[in-house]
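Participant: Here is what each chain is made of, one letter per residue.
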Amino acid sequence: MTKVEFLSKLADELKKNNIPDAEEIISEYEQHFAFKMADGFSEEEIAAKLGNPAVLASQFESAEEDKKGVGRKAATVIGLSIFGFFSGIFFVLLMAWEIVMAAFSLCSAVVAACLFAGISPRSLIPPMPSWPRVVFGLSLTALSVLSAVACIYFAAFIRQLMRSYGRFHQNTIAAASGNAQLPSISIVPRLPAKANRRIRSVALFSLVLFTSCFVLGTVLAMILSGSLEFWHAWGWFGYKIVH
Amino acid sequence: MNIQYKKGVLELCVMSLLKKRDCYGYEIAEYLSKHIDIADGTVYPILRKLKSEGLLTTYMQEESGGPPRKYYSLTSYGREVYEKERAEYLDFAKRIESLLKEDDHDES
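Chains A and B, in that order, are what the protein sequence lines are.
When we follow this note's numbering, the leftmost residue of the first sequence carries the number 25, and every step to the right adds one.
When we follow this note's numbering, the leftmost residue of the second sequence carries the number 121, and every step to the right adds one.
Because the hints were derived from the structure by calculation, they are not lab data.
Computed from a predicted structure; not experimentally measured.
One should not assume that every hint holds.
[Said to hold, decoys possible] With a straight-line Cα cutoff of 20 Å, these simulated EDC-like cross-link-like pairs (lysine to aspartate or glutamate) come out:
(1) K171(B) <-> D45(A)
(2) K127(B) <-> E85(A)
(3) K169(B) <-> E52(A)
(4) K190(B) <-> D157(B)
(5) K190(B) <-> E54(A)
(6) K27(A) <-> D63(A)
(7) K190(B) <-> E173(B)
(8) K171(B) <-> E47(A)
(9) K73(A) <-> E150(B)
(10) K127(B) <-> E203(B)
(11) K171(B) <-> E222(B)
(12) K33(A) <-> E85(A)
(13) K139(B) <-> E217(B)
(14) K154(B) <-> D63(A)
(15) K97(A) <-> E173(B)
(16) K73(A) <-> E147(B)
(17) K27(A) <-> E203(B)
(18) K171(B) <-> E85(A)
(19) K169(B) <-> E85(A)
(20) K33(A) <-> E67(A)
(21) K27(A) <-> E47(A)
(22) K126(B) <-> E85(A)
(23) K33(A) <-> D63(A)
(24) K171(B) <-> D36(A)
(25) K39(A) <-> E52(A)
(26) K27(A) <-> E67(A)
(27) K154(B) <-> E69(A)
[What the hints assert, rightly or not] In silico negatives: residues of chain B with every beta carbon more than 10 Å from chain A:
(28) V129
(29) R168
(30) Y209
(31) K221
The beta carbon of each residue, even a glycine, is placed where N, CA and C say it ideally should be.
Let's have the full structure, built from the sequences with the hints guiding it.
Facilitator: Right, dumping it as structure tokens:
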């Protein structure tokens, strides 16, 4: 194939594939011929080394995709912003739940402290003998730790979910405009292995402590009050059932 | 080796060359065909693709005794993408290499 044959075949194929700026591409190949010929190669040799014009033309990206990309990008951005609004509400909801859990953990800790100290601010803590009081205090301490762990894990989960969502946003726009995408992020938070192990053992320990102390406290209270319904025996609701 | 396999790697090679200095198209084609067995013409579609993705820019420069040449230059975004993809590729290649070498041990 001579230089002219190669270039005209390439021009035909580029046109067939609807590739923009064909002249620019052809001038690039023309220059390639010029450089190679200056080095003493024949036109046939150069054309053979360049490769098949039809195959080369098929490796260029066509204009149609580009044009479609612009419209698609606008549609994607509009769609994403609507979707983003609802996702925003969802994230607010998740954060509200995080606050509820934190408050629960804090309340458990305060009640446990009151039980240990034997104080009852505004008579909110019901009266009971010291043994079940300490055991219930222990149980609530464990519950407070357990919910604090849940809080930490849930916070990590929200953070990871937001990062993942951000990456999804970015990638969707990139895909619509034909740009390279970054790897997606998993929604499962990855804590360092050591911290993960520690958190798991703390959670397990506090769960066991909470359950066993709760059961033990209840049994103790039943025995000490001499009644299955010890809350009535101790008059927790302002009255006593007298048998 | 098959062409699809090489294509992504070729983009990396082009970027690594352009990270060192700006080049004109022919220079890049020569550099690649010297190191890797590909058809000379393959490099131009790659350059165009990288340019349309904003990884490269071009400018014309007059040369003594010849037509102006189109130079390719890596953009700062291109540099960023290159560093990231380079690290990913090297890590990938390392894993594959150790995997294939393991296979070698099994047979002997």
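Participant: Now, for every hint given, state plainly whether the structure supports it.
Facilitator: Status of the hints after comparison with the structure:
A threshold of 20 Å between alpha carbons decides the hint, and for K171(B) with D45(A) the separation of about 13 Å falls inside it, so the pair holds. Distance hint between K127(B) and E85(A) is fulfilled; the C-alpha atoms sit about 14 Å from each other, no more than 20 Å. Taking the CA atoms of K169(B) and E52(A), the gap is near 14 Å; set against the 20 Å cutoff, the hint holds. For the proposed pair K190(B) and D157(B), the alpha carbon gap of about 24 Å is over 20 Å, so the pair is violated.
Of the supplied pair hints, the one linking K190(B) and E54(A) holds, its CA atoms being roughly 12 Å apart against a limit of 20 Å. Restraint check: the Cα-Cα separation between K27(A) and D63(A) comes to about 15 Å, which is no more than 20 Å; the hinted pair holds. Our distance criterion of 20 Å between C-alpha atoms is met by K190(B) and E173(B), whose separation comes to about 18 Å. Between K171(B) and E47(A) the alpha-carbon distance is near 16 Å, which keeps this suggested pair within the 20 Å criterion.
Between K73(A) and E150(B), the direct Cα distance comes to roughly 11 Å. Compliance with the 20 Å bound is thereby established for this hinted pair. Pair hint K127(B) plus E203(B) holds up; C-alpha atoms about 18 Å apart against a cutoff of 20 Å. A distance of roughly 40 Å separates the Cα atoms of K171(B) and E222(B); the hinted pair therefore is violated under the 20 Å criterion. In summary, the hint linking K33(A) to E85(A) is supported, as the alpha carbons are separated by about 18 Å, within the 20 Å threshold.
Between K139(B) and E217(B) the CA atoms are separated by roughly 26 Å; this puts the pair beyond 20 Å, and the hint is violated. For the suggested pair K154(B) and D63(A), the alpha carbons sit about 15 Å apart, so the restraint of at most 20 Å is met. Proximity of K97(A) to E173(B) is assessed by CA-CA distance (about 15 Å); at most 20 Å being required, the pair is judged to hold. For a cut-off of 20 Å, the pair hint linking K73(A) to E147(B) stands: about 15 Å separates their Cα positions.
The suggested pairing of K27(A) with E203(B) is violated, with an alpha-carbon distance near 38 Å, which exceeds 20 Å. Note on K171(B) and E85(A): the hinted pairing holds, with a Cα-Cα distance of about 12 Å set against a maximum of 20 Å. About 7 Å separates the Cα atoms of K169(B) and E85(A), which keeps this hinted pair within 20 Å; it holds. Simply put, K33(A) and E67(A) have alpha-carbon atoms about 15 Å apart, close enough for the 20 Å limit, and the pair holds.
With a C-alpha separation of about 15 Å, the suggested pairing of K27(A) with E47(A) holds against the 20 Å cut-off. Between K126(B) and E85(A), the direct Cα distance comes to roughly 18 Å. Compliance with the 20 Å bound is thereby established for this hinted pair. About 24 Å separates the Cα atoms of K33(A) and D63(A), which puts this hinted pair outside 20 Å; it is violated. Annotation: proposed proximity of K171(B) to D36(A) is violated, straight-line Cα distance about 23 Å (limit 20 Å).
A hinted pair counts as satisfied when its Cα atoms are at most 20 Å apart, and K39(A) with E52(A) qualifies at roughly 16 Å. Simply put, K27(A) and E67(A) have alpha-carbon atoms about 6 Å apart, close enough for the 20 Å limit, and the pair holds. Only pairs whose Cα atoms come within 20 Å are accepted, and K154(B) paired with E69(A) is accepted, the gap being roughly 16 Å. Every beta carbon of chain A lies more than 10 Å from that of V129(B), the smallest distance being close to 15 Å; the non-interface claim holds.
The beta carbon of R168(B) sits about 6 Å from the closest Cβ of chain A, which is not more than 10 Å, so the claim that it is off the interface is violated. No Cβ of chain A approaches the Cβ of Y209(B) within 10 Å, the least distance being about 14 Å, so the stated non-interface status holds. At roughly 26 Å from the closest C-beta of chain A, the C-beta of K221(B) stays outside 10 Å, upholding its exclusion from the interface.
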